[in-house]
Each structure stands twice: as structure tokens, then as C-alpha cells.
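Engineer: Input sequences plus hints: build the corresponding full structure.
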Amino acid sequence: MKLLKFPEPLHNGLLSASYVLENKLVLVGNNRISVWDCSDLQQAAQGKKPVRNMGSEFEMELPVEEDLPRYLVVIGKQLVIAGDRTIWRSAVDVDWRIAREATTFEKFVEFEKDECVTDMKYDDVHGTVFVGVSSQNKVWLYDVATWGKVGTITLNAKPITLIVDPLGELLTVILQNRSVTIYQYDELGSTKVHHQLNQYVQMNPLSYNISMSPQGTLLPMVNSIKNSTPSVQLLERNSNFAVQSTLVGYIDKCKILKFSPCLYEKQNKDKPSTQYNLLASSGNDDGNIVVWNSKRAKPLFNAAKVTNTFITDLQWSEDGTSLFAISNDGYLFVFAFQEIELGKVLPKDEVLKQRSDIQLLEQLPLPLPKVEAQGEKPDVKPVKDIKSDPKANNGISLIKSGKKKVAPIVIKSNSMEFNEPSYLVPKDLKRRPREEPQSNGLSSKKQRRDIEPIDFLDTNLLIPNISFSKIRLATPKVRLNFQYNSFVNKNLVMEIKNGTGNEQKPTTITLTLKESDKDTTLFQDFTPKFITICTCGDSFWSYCTEEGVIYVYSCSGKKILPPMIMGVPISFLEGCGDYLLCVTSMGQLYCWDVKQGKLKFPMNTVYPLLNPTLRYSDDVLTRAENITMCTVTSNGVPLITLSNGDGYMFDCDMEAWMLVNDSWWAYGSQYWDFTNTTQTGTNSSLGNGDKDDKKNKYWNSDAEHLIDEVRRNKLSIVNYLESKTNDEMSRKGRIRNLQRFAKTILMKEGFENLEDIVTLSHLENRILVSLKLNETEEFTKLLIVYCIRLAEMGFKNRLDDVLGWLYNDGDYKDSTVANHSREELLKRILVACADIRQVQRVTTSYASALGIIDMSL
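Going by my numbering, the first residue of the sequence shown is number 234, and it counts up by one from there.
Careful, some of the hints might be misleading.
Said to hold, decoys possible - With a cut-off of at most 25 Å between alpha-carbon atoms, the simulated SDA-like pairs for lysine to any residue come out as follows: (1) 391 <-> 348; (2) 235 <-> 295; (3) 1005 <-> 944.
Quick caveat, the hints were computed from the structure, so don't treat them as lab data.
Structural biologist: Take a look at the structure:
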């Protein structure tokens, strides 16, 4: 580790706040703002660049007057600074590359004398700025798009510290009475209490600076009073904020605690690698800086007395290899670390992956309009008349009564919500009446949700596929604004900004190439309709409107096909390769070859997958399993999974749905992998050591090696579908029934061979599905494992059947199966089964026919 102390004080000997964005370090102190290049500071700390040549890229003055700045937020290229009683924001965007001395700041909010700002934080997910106000005991929520106040959190004590969730869902407020409350919020300003922590912290009425872990799972509580020694307790979000670990090592009470924006990994010799976070902290009135590894209770290192005063702020570099500290006497400190000291820095994708594993909260209800009573004192004193400023009035309409209406807020999340399918049917539809209640007043069975009859103006114009449909699927709700990232190129982003659904404010569709230095707009289009879903393939982009109209573009914006009219809303729209898959709300399935401009197979339906015969009842509409995934492969094969864990594929040759994986095989097959899930952290609860030990008695080294290769194949479609089955079984709590199943049914008379039979059934189906999906390597490996298993179990006739199919009546030299020669497959199977005596009569006859052995000797 290298430590650089800048040789002279900055900003006339006072630094109060800092911020890191786009590899730039922004410093605030006294009435000055300076911007530094993080890379230059790192190189200077490592001795690669002389310190005497170091300097800020540019500086700006602040109109602070007597109110000194204490809090800093950087929003893109706009600076927001808060003092004790004033909040300023830059009038124009700040160019990081060019000195802008002409940049001016304007007062955004000015408080009364008895009011004070206690903290200011920024949520970059929804574009919300949180401001803690002391005398009113409130937290105000501002939308940075319009700079209008969209919400207020009323507290029972003075807010001291605000901690923002990187997922944009939770705001932790630490109060002066030492209590801690976690609030859920959304971009519309709605809030509610999510969790009340039952612990108290030693908080003085000072400004604290605390952040959560970048993946959003760890919430730090500083200066816990549960122990006599001051400590930090890391609370686990996924465990109802229980204490995960305790970090002890203060010289004095903690005032600043900042997580590094990166995750780190340590390689172990005999154990799996360990992932962890790094934290940096400093105390109230000492000059110490302590860094922790979240997996260790003791500090990683302690830099004691780096300054004679106290540290005012800490900031990590974006790459996680450097730490910047500023002191109250105006000095800048740079800590430059080596990989051997911190560990391997994982890419940003790992942080985003762990964020996606956190289950999102249910959406809050829409906020009710607030009516301001006459004579009520406003919360803020407006400094600038918004009505007279056309730029500031963007998105806000002022009403004569003084109330303001905030425009729709941008929703940056890709999460989707769905409208429930309709339960309306024609009023004159004949159906059996419901059963009358029994004499004791109790119904004979639980009543289902009744359907709602409606009248039609003209039954002759009734569309049968809507009003008498066998299926009614949920459809996505219209989102105000959302983005879709291409899986082929992560830098390609399609952004949808829905308008008002008419020509006055049409919907905007923009495809952008996001590069490191700039963003390039590839094409833009407009439509007066609402857009619900968008997707892409290798060479096309597509979206659908609320009414069920599909548009298809090339990457340059040229329309590939005329708009396709489905006639009903669309529930699923997926693209992959050259294929576009569509499932309407009535269950109609379309799969188009966009490159050829035609259907891959005739229109079909998902109705057979929902078990209509098993769920027959007297009601016209009955509930079925939910569709949890609907997608298409690069070869144009539709795939669907249901909430019962089953997965299906559509075979265009047979024009029928085929079962890929069944939850029944999870109960009985010895080759089912319970550790294969789409959720991290659940593998330990899905393991079944007894079954693993039992199946090993059949394995030889060849079969074990092949089945391990199949399990490790991350690109296997069948592996992914089986992971979805494990997820559903874990969600419904059916995993715990596995041990009971093995101990009961397998011990009953007549079921002794059930496990072996189910195992073979599972293997046979995987082989056939792999062949249909053209996964040739997986097909070959599973076929060899299947033949080895048949040989070990002594199934001579079935093994002879497989070998005869490959032998193909002697035509095996010039014929192929799954892009492999039949002769090659036969030889590999015969060699693998050669040592198994039970089937040597079968294998030797084929070995003789292939010329591997000479039976005449």
C-alpha cells in the first residue's frame, strides 16, 4: 500500500465533502469546488508521476456567503450542494474536460433560521434526492428530472443520517433518539415503514456519512451499544436485517463508513474462493482511517493519525483499488493498493448479478393527492419563480391555488407488472348454477371466484376467440419508461418513453449504442400508441403495442416487416437468433423466422400445457398453472416453464408440445442435480447426500466423468430448465419431501426397482430432447452414460435396441446421428461397456460386426 499526502492544503485549508464519478474526484470546501483526475492521483501515490506536477483540472467558486457547504451530490454533470440552510444547484451542466469558470450556481431551497439540513443523499436508480430537515423532523424527496418535491417522510425525531439502498427500494433513517427505521419508497414519492430495527446506536447530533454494500445486501450499523466496545454490526438484508457479522477495531467512535463499489475475491488452495466487501471508516475527532474485510472481524489495516485534525470524508475509486480521504485542515490523502493486499477485484457484472438475486419488494400504492390547507406554512421558501422559468417548468404544471402537479417519473427498472386476465363472459351463456349451501349454513366446498357476466350490444359481432377463449393470460402493464439491453451486445440499449397514447404526445423509441466516451443514437421512431414489451435478436429489434401490434426493425432502424396485427394484447414477446416468438393473451403461439420473413411452423397454442382436463370443473373459467418463462432458442424452438416446475418445448416436426423435464424425475432419478438452481445461496438446502452415495455404486470412471461434464455445461438448455424446476420445488417447500419419499415408497413391496426405472426414464428423455434441440455434445455424452447404466443393470434387450438403432441394418459407416458418425458412437459405447460381463454377449456381437474383434480366433 502506498500513501500520498498532498503537500499543501487545498481550498484555503478546509475540505468538507467529496464525490467520485466517471473517474473524477470532486472536492468541496469553503467557497470552492475543484475537480481532480483519479488516475493521476493513483499514479502519483504509486510514484509513477511526480507530485509537483499534480493539480486540479479546474476550480469553481460558490456563492455560499455565510453558509458553508457540507453535502455534495453529483447527478450526471450537474452539481447539487447543501449547506446548513441552503441548497444550491448548477445552472448548467459542468463539462468535466473543460474548465468552466463561467458555471453559475443558483439557490434551489432556502430554509428558515430555525431549520437546518442534516443530510443529503442521492438515489441514482430513480433519480431521487433525499434531504433531511431538522426542525420539522422530516425527510423530503425531490425528483431530479423536474426538481419538484414528490414526497415527504414525517418522523418523530430529528433525522441524523440517511442511508440509500443501491437497488432504489429502501431508505434507512437514523434519528436523534438513537432509533433506526427503514422505509420503502418509490419514484412517485410513496413511502411506508418497511422495518423497525430493535437496536439503538450511539449517535451524536452530528453529520454521519454511511453507505450500504454495492450489492445491496449489507446494512452497517455504527457504534452499536450492545457491547461495551464500539463496533460496527453488518445487518443482512435477506435475513430480515439480522446481524451477519461484527467488526471491532475503533480507536474512537465511527463517523464515516464507506463500502467499496466493487466485490473482491480471495483464491484458496483446497477450498472454494471467498468473496467479500471492503469498508473504510474514520472516527469522530481522530485522524485514523480503518479498512475492514467484511469476512473478518479484525481490521485489515489501521492508518493511525494521518492528520492532526479529523477526517471529513472518504471515497473509494470506481475500480476499487484506491481510497481518497480529506481532512478538516484541507489536506488530501490517497491510498493506492496492490492486488495482493486487497484481493482480486471482480468485474462490475458480479455486483449486478448479486443485485438481481435479491427479491424485489411489492410495488407501493399510488400516492393520494395532497390538499394544502389555507394558511398553512409552506415547507420551503421558493427562491426562484418556477412559472417564469420555462426550463424549470419542464414537467411541472402550476395550478392557480398554488398546488403543483408533478409529471410522471421515469421508471428505470426492467421489472414488469401484469394485468389480471378478464373474467367477463356473455350474460346469456348457459352454465350450471352454484350448489346451494347446506342446512347448517356451510358450503359443501370452497367457492371459487365467480365469473362476471356482461351484456353485449350485438352478439353477431362477438369475436369468439376473445369472449369464448379457453385461455386468458395476463398482459404487461404500461410502464412510463423502461429500457431493454441486447444480450448480443450489452452496449446496445432500446429505451421506450411512453407518451399519452395519442398524437399530442407520442411514444418515443430510441436505440442507443453506449460507449465509454459517448452515446450514439442509432435510430429513433415515434408512435401514438402505448408500448408494453420490446425484445431483440441477432439482427433485429422488435416491440409491441398495448393493442397487440408488432413492429420489427433492423439495427439501423429500417423496418423489416410491416406492422403485424395480432388482434389481442400480447403476453410474451421474445427474440433469439433470427427468430421472434409471440404469445398472445389468448394463448396463441407464433414463431417467425425474421430473416426469411415467414412462420417457422403454423400458429399453435399453449392451451395443452395448462392441464385443462385435470382442472375440469363446472365453472366456465378455471385456474391453471402460471407460465413462469416463455422464450425461444437460436434454432427457433419455443420453450415454456410452468409454476409446477415442468418444462416444455414445441417440436415443429411433430407440431406438438413435448415434455423436457418433470418434477417427478426430481423425486426418483439418481441423475437429477439438486444443486442446480438459478438462485445463489440455496445449494446447501437442495443437496441429497443419501441419493448421491446410492447412485455411486453403479458408476465407473467413464460415466462419472461424462455426467460431470454434462452438469458443468452452463449453456445446456435442459440444465437451465431443470434449475427452474428446482426453484419451484424449493419455493413450494417440496424439497423436504425427498428424504421421506426415499424412506417410504422405495421400501414398499413392488416398488424396489422404482428408482432405477425413473432414472432410466429421465436419461432417455434427456437424450431425446438433446437430439431435438441439436445439442450434439450433450446427446453423445448422455447416450454413453445411458448405455453404461443399461449394461450395469443387465437390461440386455434395451441395450441391444440402442446398439441396433445405431447399427442401422449395417448402414453405419456413411450415416450420422447428431452430427456424429454412427460407427464412432458404436465404438465408444462398446469400449465403455466392454468390461461389464452381464452384456458381453450383446457387445461382442456388435464388436465383431464392426471388426473391432475377430470372433474366428
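Engineer: Look at each hint and say if it fits the structure.
Structural biologist: Do the hints match the structure? See the list:
1. 391 <-> 348: 11 Å, holds
2. 235 <-> 295: 33 Å, violated
3. 1005 <-> 944: 19 Å, holds
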